[in-house]
Every structure is written in structure tokens, then in C-alpha cells.
Amino acid sequence: MPFAVHIDRESVDRIACRIRPGGRMAVEFREGALWLGERNVAVRLDNASVFCSMLSRSPADPRIRSANFRRFAALLSMYSGITGFGMSAVEVMDILRKDTARTELGQALIGCRTYLGCCDPSLQWRAVRPLIGYGAGLTPAGDDFLIGALGAGLYAGRVSAVIVSKLAERLAQHPDLTTDVSLEYLHYAVSGQFGSRVLEVLNALCCQMPTYVARAVWSLIGTGRTSGIDTALGIYCTIAKLEKEVSP
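Numbered according to my numbering, the sequence shown spans residues 3 to 250.
Among these hints, one or two may not hold up.
Stated by the list, open to error - Lysine to aspartate or glutamate pairs mimicking EDC-like chemistry, simulated, CA-CA at most 16 Å apart:
#, residue 1, residue 2
1, Lys243, Asp10
2, Lys243, Asp101
3, Lys168, Asp122
Claimed, not checked - Distance ranges between label pairs, derived from CB positions:
#, residue 1, residue 2, range
4, Arg128, Val45, 27 to 35 Å
5, Cys120, Trp220, 28 to 36 Å
6, Ser82, Pro177, 35 to 43 Å
7, Arg72, Ala28, 47 to 55 Å
8, Pro177, Thr102, 46 to 54 Å
9, Trp37, Met211, 41 to 49 Å
10, Ser68, Cys19, 47 to 55 Å
11, Gly159, Lys100, 20 to 28 Å
12, Thr102, Asp15, 44 to 52 Å
13, Gly159, Asp15, 40 to 48 Å
14, Gly224, Val92, 33 to 41 Å
15, Cys19, Cys121, 52 to 60 Å
16, Ala76, Arg32, 48 to 56 Å
For the record, the hints were derived by calculation from the structure and aren't laboratory data.
In this text, all values refer to a predicted model and were calculated from it rather than measured experimentally.
Built from N, CA and C at the ideal position, the CB exists for glycine as well.
All chains, full assembly: derive it from the sequences and hints.
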């Protein structure tokens, strides 16, 4: 993730032995290492590599993207589980392809697809507001979905970074809409920063190697209980709007 330190399994086990469940712990960075409070644990960062979480511009070849978009949609439709929205991935995709859904959730998903990239900050906020905090868990489904949609929108140049900055202001004004963890992810997303698996999918969608798409998508979908598929559906939300434009 944009703000995480990734360590190996053995280190995780060693650290876990020194942490009391439910206990508070301060983390301090000094002398080239992360020190975990009074637990006498240090994670040295001497040879750590730095992950760039910022989006780059996407290639402009519409033929490559068109083919990969179709592959992406086909892969999502193969997901057999239930998403964080309480329905299958295919059902969510059908809602995003059509304008016939009349449920509150359906209208929220369609609103996000329609207005996330608009130039009116107030209209954009009204469209995404119903999704923020929607669902259960540390990262509710609506937030994961919105992060995916923002990533694809910014990557494809269909969401303005200037307008999204206004969305960041709205989030700061309403910190109680979702969980602390999810709010942190959203703050990173509106600043154009995303986790490695999201970036891998976005890059794969513009790559000439079809196998990259499948590898990246399954890696993302495998994240969390439903966070991965919910995020992938958010990416599809933006793609659904682009499909007709990029079709040859």
C-alpha cells in the first residue's frame, strides 16, 4: 500500500510475538529503522526499496485498451463469489452497463459512473457520497469501489485532478462517513496514490501482453475478503463508460 512497510513472513512472526492483542503501540523512525514502542523491536530499512504509488500517464493506443478492457470484463464475470455489495460481480457489472436499476444501491453505482468525471465538484460529491462507508468491514465495499473508479479515471485522464482535490476537501469535512482505515485509503486515492495491485491492473490494461491482464486482475481480486473484487469493479465502472469510445 502507499504508506506501508512490507516485511517478510519470518519478521512478521517475530514481531507478533512481542505485541499484546488490543494493546497500544507507538512507532518511531530513528537511526534508519522503525522502532516499535517499548517492545524492543526494530525493523531496519537499510536495503529497503521504495515503492512509487503515484499514477503515470496511460498509453493512448485505443486498440490495445479496447482488447484488454474486454479481457478485464471477462475475468471479472468469472468471479464466483459474492461481492461486498451482497450480489455477484456480474450483477454489479449489469447495473453499470445499463440505466435500469432502481434500487438505492443501483442508483448510487450509476451515479458514480456518470458523474465521477464531471467538472462540477458539488455534483461529483453528491454522486459519490452514497457510496462512502457503504458496506461492512475495515474498508467498506463502496469505498473500495470508489478507489478503483478514481484510479481508472485519473489514469485514463477522465477524472480531473483539480476537481478531485475538491473531493479531498469534502472528505476532510466529513471524517465520520467511514472507517479510519478506509478514510486514509480514500485520502491517498484523491491525491493520485494507490496500492501496487491497483497500479498493476491499470498498467496491464494498457499493455500489449494479454497474460499481464489476467495475472494482475487475479492478484487484485485475491486481496482481502471482498476488497479486491470491489476495487476491481470500481475500475470496471470507469471502463464501462469508456467501452463504446475505445471500441474499434
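Checked hints:
1. Distance check on the hinted pair: Lys243 and Asp10 sit about 40 Å apart at the alpha-carbon level, beyond 16 Å; violated.
2. Distance check on the hinted pair: Lys243 and Asp101 sit about 12 Å apart at the alpha-carbon level, within 16 Å; holds.
3. With a CA separation close to 10 Å, the supplied pair Lys168 and Asp122 stays within the 16 Å bound.
4. Between Arg128 and Val45 the beta carbons are some 43 Å apart, a value that contradicts the proposed interval 27 to 35 Å.
5. Checking the proposed 28 to 36 Å range against Cys120 and Trp220 shows it holds: the Cβ atoms sit about 32 Å from each other.
6. Distance hint check: the CB atoms of Ser82 and Pro177 are about 36 Å apart, consistent with the given range 35 to 43 Å.
7. Distance hint check: the CB atoms of Arg72 and Ala28 are about 49 Å apart, consistent with the given range 47 to 55 Å.
8. Between Pro177 and Thr102, the C-beta spacing of about 35 Å breaks the proposed range 46 to 54 Å.
9. The given range of 41 to 49 Å is respected by Trp37 and Met211, whose C-beta atoms sit roughly 42 Å from each other.
10. The beta-carbon spacing between Ser68 and Cys19, approximately 51 Å, falls within the hinted interval of 47 to 55 Å.
11. The supplied range of 20 to 28 Å is met by Gly159 and Lys100, whose beta-carbon atoms lie about 25 Å from each other.
12. At roughly 51 Å, the beta-carbon separation of Thr102 and Asp15 lies within the given 44 to 52 Å, and the hint holds.
13. Range check, Gly159 to Asp15: Cβ separation about 44 Å, and the 40 to 48 Å hint holds.
14. Between Gly224 and Val92 the C-beta distance comes to about 19 Å, which lies outside the given range of 33 to 41 Å.
15. Between Cys19 and Cys121 the CB atoms are about 53 Å apart, so this pair conforms to the stated range of 52 to 60 Å.
16. At roughly 50 Å, the beta-carbon separation of Ala76 and Arg32 lies within the given 48 to 56 Å, and the hint holds.
Comparing the model with each earlier hint shows violations of hints 1, 4, 8 and 14; every other hint is respected.
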